[in-house]
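Protein chains in written order, with my numbering: chain A, 6 to 166; chain B, 535 to 954.
Honestly, the hints are just simulated from the structure, not real lab data.
The beta carbon of each residue, even a glycine, is placed where N, CA and C say it ideally should be.
Please note that a few of the clues may not be correct.
Straight-line distance between alpha carbons at most 25 Å, and here's what the computed DMTMM-like set of lysine to aspartate or glutamate pairs gives [stated by the list, open to error]:
| # | chain 1 | residue 1 | chain 2 | residue 2 |
| --- | --- | --- | --- | --- |
| 1 | B | LYS623 | A | ASP159 |
| 2 | A | LYS165 | B | GLU876 |
| 3 | B | LYS562 | A | ASP146 |
| 4 | A | LYS163 | B | ASP590 |
| 5 | B | LYS583 | A | GLU35 |
| 6 | B | LYS581 | A | ASP126 |
Computed far set for chain B versus chain A, every beta-carbon distance over 10 Å [said to hold, decoys possible]:
| # | residue |
| --- | --- |
| 7 | ALA545 |
| 8 | LYS583 |
| 9 | PRO591 |
| 10 | GLY650 |
| 11 | ASP657 |
| 12 | ILE673 |
| 13 | LYS738 |
| 14 | TYR771 |
| 15 | LYS871 |
| 16 | GLU909 |
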Amino acid sequence: MAKAHVYKRDHINTDEIIPARYLNTDDHAELAKHCMEDLDTEFVNKSQPGDVIVAGEDFGCGSSREHAVWALQGAKVGAVIAQSFARIFYRNCINCGFYPIELPEALHAIKDGDKLAIDYDAGIIYNETRGEEISFSPLPDFALEIVRDGGLLDHIKKKKV
Amino acid sequence: MGMTITEKIFAKAAGKESVKAGDIVNAKIDVIMCHDVTTPPAISMLKEKGIDTVFDPDKIVVTPDHFQPAKDIKSAELHKRLDTWCKEKGITNYYKLGKAGVCHALLPEQGHIRPGEVIVGGDSHTCTYGAFGAFSSGIGSTDLAAAIATGELWFKVPASLKFILNGKLSEGVYSKDVILEVIRQIGTDGALYMAMEFVGDALKDMTMEARMTITNMAIEAGGKSGIIGVDEVTKKYLTETLKDTSEYDVFESDGDAEYVKTIKIDCGALEPMVAKPHLPSNGAPISECAGLEMDQAYIGSCTNGRIEDLRIAAEILKGKEVAIRTIVVPATPEIWKQCIDEGLAEIFYDAGCVVSAPTCGACLGGFMGILAEGERCVSTTNRNFVGRMGHPKSEVYLASPATAAASAIEGKLTDPRKYM
């Protein structure tokens with residue numbers, strides 16, 4: 006069961022997700038050690054594999070660095086649920102096969118520590134702590150196909166073959 | 535219904551008669567910008583997936599810049615991977631150290647940007663090239679890998695926001711102040727997923743350098759791109775710089791093209807602006823924040839490290855001494871040389887500034903000007919996020935080169951008009 010780590014903030018940016026001082030490597034495990042460091046130095050210690058991050062508007066704004074997604078993937082974050090996403094980050098998530106869940110009521114529906122189960126295909130978040138079902142709009146088909154193929158490059162490879 | 539300039543570029547790139555905002559298209563890419571942070575991972579991905587091809591070695595422009603010259607062993611390894619790949623693939627436009635510069639200043643200066651084209655790069659400020667009437671947008675490493683391999687990418691054609699920039703800028707007020715005002719008005723996600731199209735008579739007085747400062751910061755309003763149509767100023771710049779002198783496509787938005795919103799800015803009424811921490815949208819006129827003490831001034835970056843910016847800063851610093859650490863970074867080797875030839879470097883030296891080789895270093899907290907805990911920097915860069923230039927408890931104040939230079943003299947946020 007995934008635990009929600011809620012950050013009641015808008016505009017959580019790529020510098021906070023993975024500070025530029027660590028961009029001299031693209032090793033996912035190395036990046037994962039510093040995931041969310043400038044926002045919450047404790048995140049890496051308290052997050053368990055599969056846990057989700059919940060945040061406000063414009064998550065991932067700033068840099069095009071895909072390192073932000075790799076840091077989250079490396080830290081085994083299950084998903085990010087945000088009220089809205091910045092464009093390049095959102096696209097990078099899809100390209101990496103990491104599902105970004107856009108949920109306008111995210112900060113109202115999910116509290117810090119809530120236990121969640123997510124059905125990506127059906128577009129449903131089960132909030133076990135509150136006994137609630139919250140639906141979200143699944144990705145459009147073409148993006149879903151990319152995510153299901155494991156990311157854009159595997160998708161391209163599959164199409165060419 | 536007519537089309538915007540952005541829709542026309544996508545129609546051409548997708549081989550269609552017409553497209554409209556919201557359409558998903560597969561677009562041919564004309565130029566790919568590559569640097570040392572996001573490209574080495576793209577190269578590795580391609581190798582891993584066994585699709586290690588380059589669609590066209592002449593259409594990829596490579597310049598290390600973020601950690602250039604290499605700041606440590608890890609960044610040296612990134613450069614080595616980039617170098618090996620460029621040699622292996624026969625990349626024609628590879629700018630090595632000595633010729634390398636801050637990407638978004640280097641590509642236009644070296645004649646790689648042409649109107650009507652689709653340009654992508656592994657850097658969020660790739661939107662800069664929209665100043666030339668091109669569609670230009672930042673992408674991540676996976677998109678970069680896909681573009682390098684196939685020469686095309688899928689795009690959702692963006693809807694457009696129109697900004698009418700009217701009036702004449704007062705002395706001491708620059709295009710940086712205009713874009714800080716735009717972002718202040720619409721917020722850091724005010725143009726999310728959209729193209730920001732700039733029109734209006736204020737642009738006529740702006741050089742290409744000044745226009746690039748505006749389109750550079752489109753991403754700071756969440757924009758997919760920024761775009762300014764081609765005029766005589768553009769054509770003159772292109773005549774002097776273009777490598778490929780074949781004809782280019784000049785597109786214009788139709789009179790009945792659809793915009794999500796039109797926003798008018800009276801540029802004549804603007805005063806110098808400062809974006810306070812920790813968002814580029816926290817803009818305030820200098821009259822409201824002058825006097826706040828600073829520890830460092832930084833004049834450079836893809837936003838304001840061009841020769842025109844350095845001339846403005848030098849004009850203010852001439853015969854003066856700075857009161858705080860002041861770092862001047864010409865964005866390209868050409869600009870660096872101009873700085874020396876025109877005597878600007880001497881002015882900076884006399885004023886007590888340090889003049890660095892071209893690099894993105896300090897702008898993103900990489901190296902060459904990192905802030906300690908509690909320090910404040912007035913900077914001509916584009917972002918003032920938490921920890922952007924160093925310690926998470928340091929602060930960045932975004933401003934024009936004139937405001938940064940005047941603030942360097944007094945050691946506190948200062949109205950540059952005082953020194954004009």
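So, going through the hints one by one against the coordinates:
no. : hint                 : in the structure
1   : B:LYS623 to A:ASP159 : holds, 22 Å
2   : A:LYS165 to B:GLU876 : violated, 54 Å
3   : B:LYS562 to A:ASP146 : holds, 22 Å
4   : A:LYS163 to B:ASP590 : holds, 22 Å
5   : B:LYS583 to A:GLU35  : holds, 22 Å
6   : B:LYS581 to A:ASP126 : violated, 31 Å
7   : ALA545               : holds, 20 Å
8   : LYS583               : violated, 5 Å
9   : PRO591               : holds, 19 Å
10  : GLY650               : holds, 23 Å
11  : ASP657               : violated, 6 Å
12  : ILE673               : violated, 6 Å
13  : LYS738               : holds, 30 Å
14  : TYR771               : holds, 26 Å
15  : LYS871               : holds, 28 Å
16  : GLU909               : holds, 15 Å
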